[in-house]
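So the protein sequences, as listed, match chains A and B.
Note that the working numbering gives residue 104 to position 104 of the first sequence, counting from 1, and the numbers run on in steps of one.
Note that the working numbering gives residue 179 to position 179 of the second sequence, counting from 1, and the numbers run on in steps of one.
Watch out, some of these pointers could steer you wrong.
No distinction is drawn between identical chains; accordingly, a pair holds when it is met within one copy or between any pair of copies.
Here are the simulated SDA-like pairs of lysine to any residue, each with C-alpha atoms no more than 20 Å apart in a straight line [as the list claims (entries may be wrong)]: (1) Lys-127 / Arg-357; (2) Lys-2 / Lys-332; (3) Lys-9 / Phe-122; (4) Lys-256 / Ala-284; (5) Lys-98 / Arg-85; (6) Lys-127 / Gly-334; (7) Lys-124 / Gln-5; (8) Lys-9 / Asp-358; (9) Lys-348 / Ile-412; (10) Lys-286 / Asp-170.
Please keep in mind that the hints were generated in silico from the structure rather than gathered at the bench.
Every value quoted in this text rests on a predicted model; they were computed, and no experiment measured them.
Protein chains: 2
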Amino acid sequence: MKVSQLFTKTSKTSPADEVSRNAQLLIRAGYVYKVMAGVYAYTPLGLRVLENIKQIVREEMNSIGGQEIIMTSLQRKETWEGTGRWDDNKVDVWFKSKLKDDTEVGLAWSHEEAIMEMMQQFIKSYKDLPTSVYQFQTKLRNELRAKSGIMRGREFVMKDMYSLHATKEDMDAYYNKVIQVYQRCYERFGIGDSTFVTFASGGAFTKFSHEFQTICDAGEDILYVNEEQTVAVNEEVLDDATTELGIEKSTLAPTKSAEVGNIFKFGTEKSEQMGITFTDSDGANKPIYLASYGIGITRVMGVIVEKFADEKGIVWPESIAPAKIYLVSIGKQGSEAADALYAELTSKGVDVLYDDRDARPGEKFADGELMGIPYTLTVSDRLIEAGAFELKHRSNNTSAEILTRDELFASIVTS
Amino acid sequence: MKVSQLFTKTSKTSPADEVSRNAQLLIRAGYVYKVMAGVYAYTPLGLRVLENIKQIVREEMNSIGGQEIIMTSLQRKETWEGTGRWDDNKVDVWFKSKLKDDTEVGLAWSHEEAIMEMMQQFIKSYKDLPTSVYQFQTKLRNELRAKSGIMRGREFVMKDMYSLHATKEDMDAYYNKVIQVYQRCYERFGIGDSTFVTFASGGAFTKFSHEFQTICDAGEDILYVNEEQTVAVNEEVLDDATTELGIEKSTLAPTKSAEVGNIFKFGTEKSEQMGITFTDSDGANKPIYLASYGIGITRVMGVIVEKFADEKGIVWPESIAPAKIYLVSIGKQGSEAADALYAELTSKGVDVLYDDRDARPGEKFADGELMGIPYTLTVSDRLIEAGAFELKHRSNNTSAEILTRDELFASIVTS
Chain A
1 MKVSQLFTKT
11 SKTSPADEVS
21 RNAQLLIRAG
31 YVYKVMAGVY
41 AYTPLGLRVL
51 ENIKQIVREE
61 MNSIGGQEII
71 MTSLQRKETW
81 EGTGRWDDNK
91 VDVWFKSKLK
101 DDTEVGLAWS
111 HEEAIMEMMQ
121 QFIKSYKDLP
131 TSVYQFQTKL
141 RNELRAKSGI
151 MRGREFVMKD
161 MYSLHATKED
171 MDAYYNKVIQ
181 VYQRCYERFG
191 IGDSTFVTFA
201 SGGAFTKFSH
211 EFQTICDAGE
221 DILYVNEEQT
231 VAVNEEVLDD
241 ATTELGIEKS
251 TLAPTKSAEV
261 GNIFKFGTEK
271 SEQMGITFTD
281 SDGANKPIYL
291 ASYGIGITRV
301 MGVIVEKFAD
311 EKGIVWPESI
321 APAKIYLVSI
331 GKQGSEAADA
341 LYAELTSKGV
351 DVLYDDRDAR
361 PGEKFADGEL
371 MGIPYTLTVS
381 DRLIEAGAFE
391 LKHRSNNTSA
401 EILTRDELFA
411 SIVTS
Chain B
1 MKVSQLFTKT
11 SKTSPADEVS
21 RNAQLLIRAG
31 YVYKVMAGVY
41 AYTPLGLRVL
51 ENIKQIVREE
61 MNSIGGQEII
71 MTSLQRKETW
81 EGTGRWDDNK
91 VDVWFKSKLK
101 DDTEVGLAWS
111 HEEAIMEMMQ
121 QFIKSYKDLP
131 TSVYQFQTKL
141 RNELRAKSGI
151 MRGREFVMKD
161 MYSLHATKED
171 MDAYYNKVIQ
181 VYQRCYERFG
191 IGDSTFVTFA
201 SGGAFTKFSH
211 EFQTICDAGE
221 DILYVNEEQT
231 VAVNEEVLDD
241 ATTELGIEKS
251 TLAPTKSAEV
261 GNIFKFGTEK
271 SEQMGITFTD
281 SDGANKPIYL
291 ASYGIGITRV
301 MGVIVEKFAD
311 EKGIVWPESI
321 APAKIYLVSI
331 GKQGSEAADA
341 LYAELTSKGV
351 DVLYDDRDAR
361 PGEKFADGEL
371 MGIPYTLTVS
381 DRLIEAGAFE
391 LKHRSNNTSA
401 EILTRDELFA
411 SIVTS
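Please model the complete structure; the sequences and the hints are all you need to start from.
What follows is the structure, given as structure tokens:
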């Protein structure tokens, strides 16, 4: 990708009504475009980050047999009436509209009921269980306020997975596997060290659900973590959880955190409400066990911006960055050498964002830093004379390295 | 992919209210699930086909500098008021809803105005032009009737691209390039021979637009094509086009066809309505030239089903099929050999749908045919004794080939 060809431009300002730091930076760096409060479009750079996050999640869900599907935004009233969740007094984030014949339709804020309604068509017998399906879906939620940028939008992308089981034991075992692959996702996103499996509020079937909480000053939650970081509890269930687990509250210290995932055992509650059963090996009709697993894809992107950004701008972990290298050319010779280097690195599969603009070096460096690309690679007339390249890492404050061509390739092509 | 692990099942029937052949077959074969009329979810098999179509389009749009983005479903009333298209009397397919504070919002049926509103923030000078952006987006259209399955849905996926230019000449040149890459798309989908660039109705700026029409009995359009297949005209503009082009109407023969793409030059009309200008090299403010280019991704999938299906079911072109090989095991030895073959072919990058179920051979063959997988590969006790494999092509009526292992691999791994 060449910066001169990107239609987006960096900006020193963001919309006056944009109060969240993640959206301010993402707008300034040209990753998102604000359509209205809580509603953002994703530009070529932003879409790359989203797709990188999705691909990590996809690989991990596939690794435990998740089958990718895509449900719909338009939903039937009848789908939600059985569980009482069509009612605006029970679910206060519905966007609703009407067909031409005045039939009410809902715009999907969730797909739990919709997926179960579909699955009941396919699951007849215990032989059809267990099964697990997931999607990356745009969710629409009519939030009263939307001031957290892409961390909590009125329109956002979520990975939601649903596993269906014949027995509680089978559901519990799969649920524990999901915890492990979720942890792998956060590790791969670059936030593994600061993300905790957290006890959070449960429901009719289970006393606690689990959240994945990332320590982050911009988070809306308070997380209580013990010193060894083996137990984490959301403040909302602090009393219950410490009692249940037999932990001294004083051993847990509070810290601000952002939820980056939530998993939940419905047990047979949803199936009973919706009348969804299977025929077990003993011939009896039984309700299906259900658990659901969500990761807000756009939310994760926002949390990562909040967590790592510094005074110069965004800092992406390499695994989700839109490019690995921000290539800066300085001078005429530098420009020719950079053209060749860009072609060579690209052919070797290195994602390079090449700032080929006729602009001041300082402007180029500042833009690469604002965009948060992991490495800035400089090719200048002066360096070429010395047979050298300058490579600087975005996320640490070590000074730039001066490398020979071989050192450069060894460093960035193989790593 | 193993058939035993797919949660979908084939079925001998489709919903009673489903009148379109494409949706009937796609539902029976387990590619889509009907949520309501004109609204379909895509199961693992269906999603694969969609993604294959999208990837072909993506590669072709990228090849002419298209930049992929993703806009939003929620749209502002103000975005559409400038061109008069918020009015339900002018656009009769809007789904609309309201924010909590009673602000009206629209659910995107199109993104022309939304994209232009975004682009005006980035395009200031002639140096920022030309540029071209596209997305794969869910469109919601409140159609009065929805009886064509996935060929015309209330919710569907479209690739829409928009190119912006400083001059008419530049727009025209790019428009012609798009015609070429569109033709490449249809060739790669396997419908190149029967798809025609067609004169269709234009607008304020241009007498004609261009459609891409595929000859297909299920199509809603009538196409007039000359014998050499060098000219095609939509019936709706037959008189105008023949007059304009100086063609004898009698040299064109009518045939039923389905629109699979539409491209359109807005010229400066949209920019003038919306007040979107750029500063030209002479310092003057001028309106931007715009052209737009659509391919209905789900629609293309439906048209291909309609066009190629036979009495046994769907027939996918290999380029978009969810798998290349439908692997059928028969008998105990056959099953062990098929397990090994599945692992080996998969490791060589061949997409195999492995029917590993404990089912009658006839049921397996029928399902593979209903699903439309290009090749059925059979491994049976009897064949193993002969050191042979049976390979049958789905789309032609030639009988099955009996191949040695080397012949099999030469045939399917390299082709």
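Okay, the hints, checked on the actual structure:
no.: 1; hint: Lys-127 / Arg-357; verdict: between (61 Å within a copy, 11 Å between copies)
no.: 2; hint: Lys-2 / Lys-332; verdict: within (17 Å within a copy, 57 Å between copies)
no.: 3; hint: Lys-9 / Phe-122; verdict: between (49 Å within a copy, 7 Å between copies)
no.: 4; hint: Lys-256 / Ala-284; verdict: neither (49 Å within a copy, 53 Å between copies)
no.: 5; hint: Lys-98 / Arg-85; verdict: both (18 Å within a copy, 19 Å between copies)
no.: 6; hint: Lys-127 / Gly-334; verdict: neither (65 Å within a copy, 23 Å between copies)
no.: 7; hint: Lys-124 / Gln-5; verdict: between (54 Å within a copy, 14 Å between copies)
no.: 8; hint: Lys-9 / Asp-358; verdict: within (14 Å within a copy, 59 Å between copies)
no.: 9; hint: Lys-348 / Ile-412; verdict: within (10 Å within a copy, 29 Å between copies)
no.: 10; hint: Lys-286 / Asp-170; verdict: within (15 Å within a copy, 66 Å between copies)
This entry does not satisfy hints 4, 6, going by the numbered hints stated previously.
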